[in-house]
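Protein chains in written order, with my numbering: chain A, 11 to 263; chain B, 76 to 390.
Quick caveat, the hints were computed from the structure, so don't treat them as lab data. Warning: the hint list may mix true and false statements.
Once the Cα atoms are required to be at most 25 Å apart in a straight line, the calculated DSS-like pairs of lysine-lysine come out as [what the hints assert, rightly or not]:
1. B:Lys146 - B:Lys171
2. A:Lys17 - A:Lys100
3. B:Lys153 - A:Lys260
4. A:Lys17 - B:Lys92
5. B:Lys207 - A:Lys258
6. A:Lys259 - B:Lys92
7. A:Lys111 - B:Lys203
8. B:Lys326 - B:Lys299
9. A:Lys17 - B:Lys153
10. B:Lys171 - B:Lys203
11. A:Lys100 - B:Lys207
12. B:Lys92 - A:Lys260
13. A:Lys17 - B:Lys260
14. A:Lys260 - B:Lys171
15. B:Lys153 - A:Lys259
16. B:Lys189 - B:Lys207
17. B:Lys299 - B:Lys260
Computed spacing ranges between beta-carbons, pair by pair [as the list claims (entries may be wrong)]:
18. B:Gln245 - A:Glu44: 47 to 53 Å
19. A:Leu20 - B:Gly241: 51 to 57 Å
20. A:Leu137 - B:Ile190: 26 to 32 Å
21. B:Gln211 - A:Leu31: 18 to 24 Å
22. B:Asn100 - A:Leu34: 49 to 55 Å
23. B:Gln211 - A:Ala15: 33 to 39 Å
24. B:Gln211 - A:Met208: 52 to 58 Å
25. B:Lys105 - A:Asp175: 39 to 45 Å
26. B:Glu378 - A:Val252: 26 to 32 Å
27. A:Val182 - B:Ala194: 55 to 61 Å
28. B:Gly214 - A:Pro150: 53 to 59 Å
29. B:Asn115 - A:Leu47: 51 to 57 Å
All C-beta atoms in this analysis are idealised placements derived from N, C-alpha and C, irrespective of residue type, glycine included.
Residues per chain, in single letters:
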Amino acid sequence: MNTRAIKVVLAIWEREMYEYLNNLHINAMRLAVEPMLFIFIFGMGLGNRVDMGDVSYVEFLAPGILFMVVTNNSYMTTSMRLMIARDWDKTLVNALTAPVKPFEIVLGYILAGVTQALAASVIFILLMRYLLGISFGCIPWLVLFIVAIAAFFSSLGVAIAMWLDNPHHLMVVTSLVVMPMSFFCGIFMPVADLPEWMQPVIGAIPLTKAVEGARAIALATNIDILPNLAYIIIFTIAVFFVSVYVFKKKIII
Amino acid sequence: MSLAMIEVKDLVKNYGKHTAVDGINFRVRKGEIFGFLGPNGAGKTTTLNILAGLSLPSSGVATIAGLDITKHPIGCKKRLGIATQDANFDHHLNIKDNLYYQGLLYGLSRKELKIRVEAALSWAKLGKYRKKHFHQLSGGMQRRLVVARAMLSDPEIILLDEPTTGLDPQSRRQVWDYIKDLKEKGKTVLLTTHYMEEADVLCDRISIIDNGRIIACGTPDELKKVLNNDIVIDIALDPAVVNVVNRHIEKDLRNISGVNYIKRSDNGIRIGVGDDAVIEQVLNSIITKYKISGINIIHPTLEDVFLHLTGREMR
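Using the sequences and the hints given, assemble the complete structure.
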């Protein structure tokens, strides 16, 4: 990437972050309230009736909810913002008339998605630590997983937003694809508890690998997390190229 | 031959089986305002989108300052400023921030960009509205802002896609003044419009496009001559003497070269002349000798040419 391309990516990122920070009061409220609701209802309410062996259900749940936060904040924000820019504000056209390449615009949006997911993760980790005394283990490793999975879901957000022509269909895809991932990918219960035929399918989803890795980091279990990280990165790169392809295909006709 | 800032050769754009642009050719010279005139769906915006890098040609070549747009899109876009048909601005940002973030994409330094944003706002006389959102501006202000945004990177060439559509006459004329100012600044302008008067007033040369093909190209005056239409002078005479005076006038005008026809009418006489220079000669020979009750001079319009070439059916 040359200097021009880096400046373009940062310009897109800066604009997305400027809007994000302009609405910080709304975003902060959502970031704090939404995951904590899951923690209180599932972790501290229903969780008292769940036996997870050596750890409490809240401790089991926290790394999972962290990655639910990452998923929502990367996928939802990227796909929504891109759809607004394409169909509502129509500002995507402006970006394309400037000396930029589609690849750089996509990268800018993904970078903004990753940053927002990281911000949401920091808030969640701090709330969990200081309100409930829950630790997430080695933070640098966790950050690597967060960045990788946020980049994956941001890329997916770009691909799906550009693929769909109708904004209403975004909600359908979210309800039918992204939300079920939250329920099945090991966030609320171990994948081993799922029906046997589902386990290989669910196990292959990058979110499952991320939750597995984060839980291993938080609970200091003896699992090698590097293959999980590598798996997510490979998927992320693949989905990124798909998102650039779909973006180009749909926007430059 | 002067340098072509935009050159299009055998350009074709197909959408499935529909051909939106069908092998067009044109050149836009440095410093001129070139009009692209055509009915809705003629292929104007498609051509502009190809030049702006928003659409890929199916075949043919388009160059910006000698650079092929498909091979050097970045180099071409650096030389272009585009005022799109839609007033497309980020709803959540004020107009100053909208310009700022668009300018950032051109790799300008922040210091330079801030100066240019202020200069663009001031040029469009929108400086005092810098904190407003674009939907709080009037239609005319919005169009000025779109043109100001196109100016932000100080491009050599500016593409204006129907810049006055939907504006009231005052706002339209205001935008015209801004477009004329672009020419004075030495910019090359490619303007699409379906307003004949706009093309006539602003453009040095015009291409008329219909069904994806260029059907005429030239200066407004050259195009008006396509019809071989004369300038018509309608002279109203005193009804009591109209039949007598008509005959005398006919006799007097027969010797003036440039008078193409003389027709008697119920209340006077209709004279067709080839160009403006003959009008004065004709009027002098009539007014000094006869009592007349009215004069009406009708020039052929671009609209006549346009309707003649594109037909009258609805698109």
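For each hint, the structure was consulted:
Simply put, lysine 146 (chain B) and lysine 171 (chain B) have alpha-carbon atoms about 33 Å apart, too far for the 25 Å limit, and the pair is violated. Our distance criterion of 25 Å between C-alpha atoms is met by lysine 17 (chain A) and lysine 100 (chain A), whose separation comes to about 22 Å. In summary, the hint linking lysine 153 (chain B) to lysine 260 (chain A) is supported, as the alpha carbons are separated by about 23 Å, within the 25 Å threshold. Distance hint between lysine 17 (chain A) and lysine 92 (chain B) is unfulfilled; the C-alpha atoms sit about 40 Å from each other, more than 25 Å.
Simply put, lysine 207 (chain B) and lysine 258 (chain A) have alpha-carbon atoms about 33 Å apart, too far for the 25 Å limit, and the pair is violated. Using a Cα cut-off of 25 Å, the hinted pair lysine 259 (chain A) and lysine 92 (chain B) holds, with the two alpha carbons roughly 18 Å apart. Between lysine 111 (chain A) and lysine 203 (chain B), the direct Cα distance comes to roughly 34 Å. Violation of the 25 Å bound is thereby established for this hinted pair. Our distance criterion of 25 Å between C-alpha atoms is broken by lysine 326 (chain B) and lysine 299 (chain B), whose separation comes to about 29 Å.
Annotation: proposed proximity of lysine 17 (chain A) to lysine 153 (chain B) holds, straight-line Cα distance about 14 Å (limit 25 Å). Taken as a hint, the lysine 171 (chain B) and lysine 203 (chain B) pair is honoured in the structure, with Cα atoms around 10 Å apart against an allowance of 25 Å. The suggested pairing of lysine 100 (chain A) with lysine 207 (chain B) holds, with an alpha-carbon distance near 19 Å, which does not exceed 25 Å. Taken as a hint, the lysine 92 (chain B) and lysine 260 (chain A) pair is honoured in the structure, with Cα atoms around 18 Å apart against an allowance of 25 Å.
Under the criterion of a C-alpha separation no larger than 25 Å, the hint pairing lysine 17 (chain A) with lysine 260 (chain B) is inconsistent with the structure, at around 29 Å. For a cut-off of 25 Å, the pair hint linking lysine 260 (chain A) to lysine 171 (chain B) is broken: about 30 Å separates their Cα positions. A distance of roughly 23 Å separates the Cα atoms of lysine 153 (chain B) and lysine 259 (chain A); the hinted pair therefore holds under the 25 Å criterion. This hinted pair checks out: lysine 189 (chain B) and lysine 207 (chain B) have alpha carbons roughly 17 Å apart, not beyond 25 Å.
A hinted pair counts as satisfied when its Cα atoms are at most 25 Å apart, and lysine 299 (chain B) with lysine 260 (chain B) does not qualify at roughly 28 Å. Here the CB-CB span from glutamine 245 (chain B) to glutamate 44 (chain A) is close to 51 Å, well matched to the stated 47 to 53 Å. A hinted range of 51 to 57 Å for the beta carbons of leucine 20 (chain A) and glycine 241 (chain B) is inconsistent with their spacing of about 36 Å. At about 44 Å, the CB distance of leucine 137 (chain A) to isoleucine 190 (chain B) disagrees with the hint of 26 to 32 Å.
For glutamine 211 (chain B) and leucine 31 (chain A), the hinted distance range of 18 to 24 Å is satisfied, since their beta carbons lie about 22 Å from each other. Look at asparagine 100 (chain B) against leucine 34 (chain A): about 54 Å separates their beta carbons, and that is inside 49 to 55 Å. Checked against the given bound of 33 to 39 Å, the beta carbons of glutamine 211 (chain B) and alanine 15 (chain A), roughly 35 Å apart, stay inside it. For the pair glutamine 211 (chain B) and methionine 208 (chain A), the supplied restraint of 52 to 58 Å holds, since their beta-carbon distance comes to about 53 Å.
A beta carbon spacing of about 41 Å between lysine 105 (chain B) and aspartate 175 (chain A) agrees with the range 39 to 45 Å that was offered as a hint. Here the CB-CB span from glutamate 378 (chain B) to valine 252 (chain A) is close to 51 Å, at odds with the stated 26 to 32 Å. Against the hinted window of 55 to 61 Å, the Cβ-Cβ separation of valine 182 (chain A) and alanine 194 (chain B) comes to about 47 Å, which falls outside the hint. Distance hint for glycine 214 (chain B) and proline 150 (chain A): a CB-CB separation of about 54 Å, consistent with the stated range 53 to 59 Å.
Against the hinted window of 51 to 57 Å, the Cβ-Cβ separation of asparagine 115 (chain B) and leucine 47 (chain A) comes to about 52 Å, which satisfies the hint.
Going through the hint list in order, the structure does not satisfy hints 1, 4, 5, 7, 8, 13, 14, 17, 19, 20, 26 and 27.
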